[in-house]
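From just these sequences and the hints, can you work out the full model?
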Amino acid sequence: TQLLEQSPQFLSIQEGENLTVYCNSSSVFSSLQWYRQEPGEGPVLLVTVVTGGEVKKLKRLTFQFGDARKDSSLHITAAQPGDTGLYLCAGESYNTDKLIFGTGTRLQVFP
Amino acid sequence: DTGVSQNPRHKITKRGQNVTFRCDPISEHNRLYWYRQTLGQGPEFLTYFQNEAQLEKSRLLSDRFSAERPKGSFSTLEIQRTEQGDSAMYLCASSPSGRGPGPGELFFGEGSRLTVL
Numbered sequence: 067t068q069l070l071e072q073s074p075q076f077l078s079i080q081e082g083e084n085l086t087v088y089c090n091s092s093s094v095f096s097s098l099q100w101y102r103q104e105p106g107e108g109p110v111l112l113v114t115v116v117t118g119g120e121v122k123k124l125k126r127l128t129f130q131f132g133d134a135r136k137d138s139s140l141h142i143t144a145a146q147p148g149d150t151g152l153y154l155c156a157g158e159s160y161n162t163d164k165l166i167f168g169t170g171t172r173l174q175v176f177p
Numbered sequence: 456d457t458g459v460s461q462n463p464r465h466k467i468t469k470r471g472q473n474v475t476f477r478c479d480p481i482s483e484h485n486r487l488y489w490y491r492q493t494l495g496q497g498p499e500f501l502t503y504f505q506n507e508a509q510l511e512k513s514r515l516l517s518d519r520f521s522a523e524r525p526k527g528s529f530s531t532l533e534i535q536r537t538e539q540g541d542s543a544m545y546l547c548a549s550s551p552s553g554r555g556p557g558p559g560e561l562f563f564g565e566g567s568r569l570t571v572l
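Protein chains in written order, with this note's numbering: chain A, 67 to 177; chain B, 456 to 572.
Calculated directly from the structure, the hints in this document are not laboratory data. Just so you know, these numbers come straight off a predicted model, no measurement behind them. For each residue, glycine too, the CB sits at the ideal point set by N, CA and C. Hints should not be assumed to be uniformly reliable.
What the hints assert, rightly or not - Only some residues are given here: those of chain A computed to face chain B with a beta carbon under 8 Å: (1) G106; (2) G108; (3) V113; (4) G118; (5) K122; (6) E158; (7) K164; (8) L165; (9) G168.
Unchecked claim - Partial selection, computed: residues in chain B whose CB lies under 10 Å from chain A: (10) P463; (11) R464; (12) K466; (13) G495; (14) E499; (15) F520; (16) R568; (17) V571; (18) L572.
Okay, structure coming up:
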């Protein structure tokens, strides 16, 4: 059973548009990671957020961890076709050594 | 290449047959994870090892599934009496430990895609 719900499930946009992906849970996480996965490959880590309210920027990508450490968002500015992929959030719970992945958001950016 | 390696990349089998997947983690990583992923969904946790010890196994995992990591290096995941519902991508990941609690960053292999006919 997935504990992390992502929305939207699918997103199809034109190059240059902005978008936000949400990752929500009823559980509290000690940290939250965001991964991107391309077809035929495994997920690759983009960022880890640890502190409630933390904001991290990676070029055109902005990640935020909710104050209560139950949710997170990923905002992409001026999307490019190279941003196309499956975006996954993954929560790390206290007292466990496993990551729980979200349901995923598939992003398609058209030129 | 010193990344996580998985074999075979693709496996097609008939229902009822047994299949085995192998994962070679990054050499200095002592944590190894198995996940299952269906198309367009997030990976679902199956089990993980710290060195050769299997420390957690998902309650959702049928007893037809078994994983081993006998020498704390490579791992195998065996599925007995496969069913069509077992069709999925099986992902292996590794991570170093000793940097604090929790798994930290997971380094994934390219996966082994199973199709059960």
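Subject >> Numbers of unmet hints, in rising order >> reply: 3, 4, 5, 10, 12, 15, 17, 18
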